[in-house]
Every structure is written in structure tokens, then in C-alpha cells.
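Make a model of the complete structure from these sequences and hints.
There are 2 protein chains.
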Amino acid sequence: MGRTLTYPKRISNTANRYKHRATYDLGPIHSIINASQVLHVSFNPGPEDPFPAILPMIGQMGSYEFPSASIDEPLDCYLHGYVSSRIMKLACNSEGDGLPICVAASKVDGLILSLTPNSHSYNYRSAILHGYAKLVTDEEEKLWAMKLITNSVVTNRWDNSRVPPDRAEMRSTVILKVKIVDGSGKIRDGGVSDERKDYGNEEITNRIWTGVVPVWETFGEPIRSGDGTLGEVPEHITSFIATKNKQNRALAEAAVKVTLPQEEQH
Amino acid sequence: MGRTLTYPKRISNTANRYKHRATYDLGPIHSIINASQVLHVSFNPGPEDPFPAILPMIGQMGSYEFPSASIDEPLDCYLHGYVSSRIMKLACNSEGDGLPICVAASKVDGLILSLTPNSHSYNYRSAILHGYAKLVTDEEEKLWAMKLITNSVVTNRWDNSRVPPDRAEMRSTVILKVKIVDGSGKIRDGGVSDERKDYGNEEITNRIWTGVVPVWETFGEPIRSGDGTLGEVPEHITSFIATKNKQNRALAEAAVKVTLPQEEQH
Chain H
1 MGRTLTYPKR ISNTANRYKH RATYDLGPIH SIINASQVLH VSFNPGPEDP
51 FPAILPMIGQ MGSYEFPSAS IDEPLDCYLH GYVSSRIMKL ACNSEGDGLP
101 ICVAASKVDG LILSLTPNSH SYNYRSAILH GYAKLVTDEE EKLWAMKLIT
151 NSVVTNRWDN SRVPPDRAEM RSTVILKVKI VDGSGKIRDG GVSDERKDYG
201 NEEITNRIWT GVVPVWETFG EPIRSGDGTL GEVPEHITSF IATKNKQNRA
251 LAEAAVKVTL PQEEQH
Chain R
1 MGRTLTYPKR ISNTANRYKH RATYDLGPIH SIINASQVLH VSFNPGPEDP
51 FPAILPMIGQ MGSYEFPSAS IDEPLDCYLH GYVSSRIMKL ACNSEGDGLP
101 ICVAASKVDG LILSLTPNSH SYNYRSAILH GYAKLVTDEE EKLWAMKLIT
151 NSVVTNRWDN SRVPPDRAEM RSTVILKVKI VDGSGKIRDG GVSDERKDYG
201 NEEITNRIWT GVVPVWETFG EPIRSGDGTL GEVPEHITSF IATKNKQNRA
251 LAEAAVKVTL PQEEQH
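From first to last, the protein sequence lines stand for chains H and R.
According to my numbering, the first sequence holds residues 1 to 266 in order.
According to my numbering, the second sequence holds residues 1 to 266 in order.
Hints are not guaranteed to be accurate.
[As the list claims (entries may be wrong)] Here are the simulated DSBU-like pairs of lysine-lysine, each with C-alpha atoms no more than 30 Å apart in a straight line:
| id | chain 1 | residue 1 | chain 2 | residue 2 |
| --- | --- | --- | --- | --- |
| 1 | R | Lys19 | H | Lys147 |
| 2 | R | Lys89 | H | Lys19 |
| 3 | H | Lys19 | R | Lys147 |
| 4 | H | Lys89 | R | Lys9 |
| 5 | H | Lys246 | H | Lys257 |
| 6 | H | Lys257 | R | Lys147 |
| 7 | H | Lys89 | R | Lys147 |
| 8 | R | Lys246 | H | Lys244 |
| 9 | H | Lys9 | R | Lys134 |
| 10 | R | Lys19 | H | Lys142 |
| 11 | H | Lys19 | H | Lys147 |
| 12 | R | Lys257 | H | Lys244 |
| 13 | R | Lys244 | H | Lys257 |
| 14 | H | Lys244 | R | Lys244 |
| 15 | R | Lys147 | H | Lys197 |
| 16 | R | Lys257 | H | Lys257 |
In short, the hints are calculated from the structure, not lab data.
Being a predicted model, the structure only gives us computed values, none of them experimental.
Printed below as a string of C-alpha cells:
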């Protein structure tokens with residue numbers, strides 16, 4: 001009751017700037033990851049390459065061992081990929097705990113247009129996770145993760161498509177399971193924040209408009225494929241689109257109305 | 001005339017899967033980076049940390065040396081940050097060429113809802129750049145980059161805010177300049193692509209709806225700040241919102257109509 005699980009603060013995930021915006025709570029961090037259509041996954045390709053690599057991947061938080069776990073409890077990150085990709089080969093060949101990776105998700109909720117370029121900002125939600133990635137080898141867990149990830153694209157899509165995958169499809173798909181070591185999130189909401197030297201100066205405030213432009217992702221009218229025989233768009237798709245469009249817009253507009261913390265109110 | 005500049009193919013930026021979707025041309029890669037409100041920047045924090053780090057940052061491609069350079073010509077990547085951040089300290093202390101980093105941007109343009117979970121996909125544009133990051137020390141170049149980045153948030157915003165930044169503002173802002181070594185992009189557009197075993201099976205096609213849901217970013221009505229004296233939203237903001245909303249939607253809907261390459265047409 002009332003307990004909040006948080007990730008340990010290590011040097012790699014501790015915020016140095018805008019600390020009041022940082023969160024280490026599992027709930028909001030997992031939610032940001034799950035709400036992201038694309039995750040950026042970083043790994044080191046090997047000693048011959050000085051640059052870290054980043055791959056765009058689809059993924060979701062979940063617990064195969066404890067399927068009833070809620071979003072604010074310990075979860076693994078499942079990432080979808082292909083056998084031929086470099087990260088899959090590295091994870092397959094990695095020894096010990098697995099391949100050390102970083103997973104990132106960011107979403108802009110609004111443009112903060114203030115008096116000075118320096119006080120310009122975004123309303124946003126971002127999260128990172130650090131963990132060790134290994135290939136899922138258990139067929140049942142793999143199938144479970146494939147369903148989890150497919151349903152994150154459109155709710156209930158799995159049961160409304162041709163399943164189960166056949167043997168060739170199972171072979172060509174690789175699922176990475178990331179055991180999370182730490183994570184952190186950053187959330188900025190509220191309105192414009194300027195300094196007294198500017199908002200106290202009428203010459204400036206009479207000349208420069210300040211405010212917030214909410215930003216959200218819109219899902220449009222579904223466009224039927226040429227081959228399909230089904231004309232009408234099924235309910236699992238129309239209700240997903242309606243729900244998402246309403247939620248996304250409400251979230252971006254509600255973020256503007258949040259009161260800024262004391263230290264940011266001018 | 002007609003020349004197309006491309007990034008060299010190195011092991012770190014060469015696509016192994018869906019090669020026909022990959023591009024090494026400077027133009028589309030730079031465009032994807034510039035269209036992204038948030039870039040994910042990956043770097044290695046140091047030998048004591050096994051995990052690469054990812055930071056969300058704002059940035060733009062540009063050339064200070066050749067300001068007239070167009071989007072498909074060699075450009076640097078300028079990233080905005082704060083003196084106190086870890087990446088800035090690492091870049092400041094890095095020897096030789098600078099801090100090796102990877103910059104990534106991804107944008108989903110549509111959900112590809114096909115017959116099987118395996119053939120589900122996104123229409124998307126993604127790009128990565130590898131390069132060496134150094135702090136911009138020249139004050140004039142720094143100011144130029146700050147203007148470039150501010151105007152990427154809202155066109156012409158710089159001249160419609162209180163400028164120039166004062167000395168404290170210049171000191172607290174750090175701009176990283178990334179000399180690009182290589183880059184690559186991936187663009188997926190078109191409609192649904194399934195395999196004959198499924199689209200040739202009436203039991204399946206009679207049951208499962210296939211098509212594309214376009215996805216785009218919407219900018220909402222500007223919400224005026226409580227302190228502002230200017231009531232009417234200025235033209236540089238209203239026209240930016242109108243243009244972006246029209247462009248974003250048109251791009252997502254146009255992507256659906258692109259004909260798939262031979263190898264993906266069933």
C-alpha cells in the first residue's frame with residue numbers, strides 16, 4: 001500500500017540538471033517506454049569501432065514470470081528484431097550477463113515559447129534504461145513477447161491477425177530480453193518560465209508573445225489495402241485510433257496546466 | 001548537376017536488412033535529423049561504466065564555414081546543451097578528434113497492419129550519424145548555432161524573442177559541433193506486404209482487415225502564458241503551425257501511396 005518502487009541511483013542514470021524533473025520511479029519510466037512507438041537502443045559494436053551504435057527498435061516492458069505484474073513493478077524490456085542484425089549476433093555471442101545496452105524513449109508534448117531563446121524549452125517525457133540483453137530461447141516466452149509487442153502497436157491486433165506464426169516466422173524473429181539494472185525518467189510540464197530581468201521589463205513583454213503550443217501524435221483514417229476483402233474497418237482498430245487521439249491530445253493540453261515547481265516560477 | 005553526395009559505407013553504418021530501404025545520401029539523412037524535435041545522442045561515459053549512455057538533445061545540421069550550403073552538402077551537426085552535463089564535460093576533456101558519438105532520429109509515418117504479425121511494420125524515416133563532438137569555442141559560431149537551433153523549434157523564433165543572449169546566458173549554454181564521419185538512413189513507405197501463403201488464402205483474407213493507419217504530429221492551438229501582455233498569437237507562430245500541420249499530414253498520407261519495390265510486392 002502506497003509503496004513506490006524506484007531504480008537505484010547510479011552515476012550513469014542520475015540527473016545533474018533540473019533534478020526536480022527527474023524520476024527514478026518504475027511506474028512513470030515503464031509507462032514512457034511502453035508509450036513509445038520506437039525505442040532507440042544503443043550498444044557498443046566492438047573494440048574495432050570507436051562509435052556506439054543506435055538502432056530503432058520496437059519493444060515493451062513486461063514480466064513473463066509474473067504476468068500479473070503491474071507497470072510500477074519490476075519488469076523486463078522485450079525488444080523485437082531479426083536474426084541477421086548486428087545487435088542480435090552480439091547478444092547471442094555475449095558472455096555472462098548479456099550485452100550491455102541503453103534503451104531510450106522521448107516524446108515532445110509542447111513547445112515552450114518564452115521571452116528569451118535560453119528559456120525556450122519543450123514539455124516532454126523521456127526515459128532511459130540500462131540493462132543486459134540476451135536472446136529469448138524459450139519458445140513459449142518468445143511467443144508471449146511477440147504477442148505483447150504486436151498488441152502494443154494496436155491493442156488486440158494479435159488475435160485479429162493470422163496466428164500463430166509458423167516455424168519459418170518463429171525462426172526469422174528474434175526477441176531480446178533486457179534485464180534492467182537501472183533507469184531514469186525526465187518529465188517537463190507546465191507553462192513558460194522566464195527570469196525577472198525579462199518578465200519585469202515592459203519593453204520586452206509588450207513586444208514578445210509567450211505561451212505553449214501543445215504537440216501530440218495523431219492517427220488518421222485507416223487506408224484499406226488493395227488486396228483486402230474486408231471493407232469496413234474493424235472495431236479493434238477504430239476504437240484504438242479514437243482512444244489514442246483523445247488521450248494524446250488531452251495529455252498534451254493537460255501538461256500545459258500543471259503548475260511549475262517553486263524554483264521555476266519566476 | 002545531378003550529383004548526389006553519399007556517406008562512405010563503413011561496417012558501422014551499412015544496413016544488413018531491407019537494403020533497398022537504406023540510403024547513404026546526405027540529403028535525406030540530413031533532412032530526417034533536421035525534422036526531428038528531439039535527437040538521441042549516444043556516447044560512452046568511460047571505462048568504469050559498461051553501458052553506453054543516451055541523452056535526448058536538440059540539434060540541427062548546418063555549415064558555419066559555408067552558410068549557403070544546402071541540405072545535401074557536407075554539414076556539421078550542432079547540438080545544444082548545458083555546461084554541467086556529462087557529455088559536455090567528456091567532449092571538453094576529449095583528446096584528438098573529439099568525443100565519438102552516435103546521433104539518431106526516427107519518425108513513424110504509419111502503422112502497416114497486414115495479415116500476419118510478422119508482416120506488420122511501420123512506415124517510418126530514421127537516420128543515424130557517427131561523428132566526433134567538440135565544444136564550440138568561437139563566440140560568433142556559438143551564437144550562429146544557437147540561432148539555427150532556436151529557429152528549428154519555430155521558424156523565425158530567434159528574431160521574435162529577446163536577443164542577443166547576455167553574458168550569463170552565453171556562459172550557461174554549450175554547443176557541441178559534431179564532425180560527421182558516416183551516416184545512414186532508412187525509409188519505409190508504401191502499403192501492406194504479405195506472403196502468398198496468406199494473401200492467397202481466402203479463409204484468411206475474408207477474416208483479417210489489412211491497411212495502413214497514417215500517423216503524424218499535430219501542433220495544437222497556442223495557449224497564451226499568464227504573464228504575457230500580447231493577446232494575439234503572432235504570425236510567425238500561426239504560420240509555422242499551419243504549415244507544419246499541413247506538411248506532416250500530407251507526408252504521412254502520401255507515404256501510403258508509394259508503390260512498394262518489386263521484392264516486397266507479393
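How the hints compare with the structure:
1. Using a Cα cut-off of 30 Å, the hinted pair Lys19(R) and Lys147(H) holds, with the two alpha carbons roughly 27 Å apart.
2. As the CA atoms of Lys89(R) and Lys19(H) are separated by approximately 18 Å, the hinted pair is consistent with the 30 Å bound.
3. Taken as a hint, the Lys19(H) and Lys147(R) pair is honoured in the structure, with Cα atoms around 27 Å apart against an allowance of 30 Å.
4. Pair hint Lys89(H) plus Lys9(R) holds up; C-alpha atoms about 20 Å apart against a cutoff of 30 Å.
5. Proximity of Lys246(H) to Lys257(H) is assessed by CA-CA distance (about 17 Å); at most 30 Å being required, the pair is judged to hold.
6. Note on Lys257(H) and Lys147(R): the hinted pairing holds, with a Cα-Cα distance of about 28 Å set against a maximum of 30 Å.
7. Distance check on the hinted pair: Lys89(H) and Lys147(R) sit about 43 Å apart at the alpha-carbon level, beyond 30 Å; violated.
8. Pair hint Lys246(R) plus Lys244(H) holds up; C-alpha atoms about 20 Å apart against a cutoff of 30 Å.
9. Between Lys9(H) and Lys134(R) the CA atoms are separated by roughly 28 Å; this keeps the pair inside 30 Å, and the hint holds.
10. Taken as a hint, the Lys19(R) and Lys142(H) pair is honoured in the structure, with Cα atoms around 26 Å apart against an allowance of 30 Å.
11. Simply put, Lys19(H) and Lys147(H) have alpha-carbon atoms about 37 Å apart, too far for the 30 Å limit, and the pair is violated.
12. For the hint pairing Lys257(R) with Lys244(H), the CA-to-CA distance comes to about 24 Å; that is within 30 Å, so the pair holds.
13. A hinted pair counts as satisfied when its Cα atoms are at most 30 Å apart, and Lys244(R) with Lys257(H) qualifies at roughly 24 Å.
14. At roughly 21 Å between alpha-carbon atoms, Lys244(H) and Lys244(R) fall within 30 Å of each other, so this suggested pair holds.
15. Taking the CA atoms of Lys147(R) and Lys197(H), the gap is about 21 Å. The hint holds against a cut of 30 Å.
16. Distance check on the hinted pair: Lys257(R) and Lys257(H) sit about 39 Å apart at the alpha-carbon level, beyond 30 Å; violated.
In this structure, the earlier hints numbered 7, 11, 16 are contradicted, and the remaining ones agree with it.
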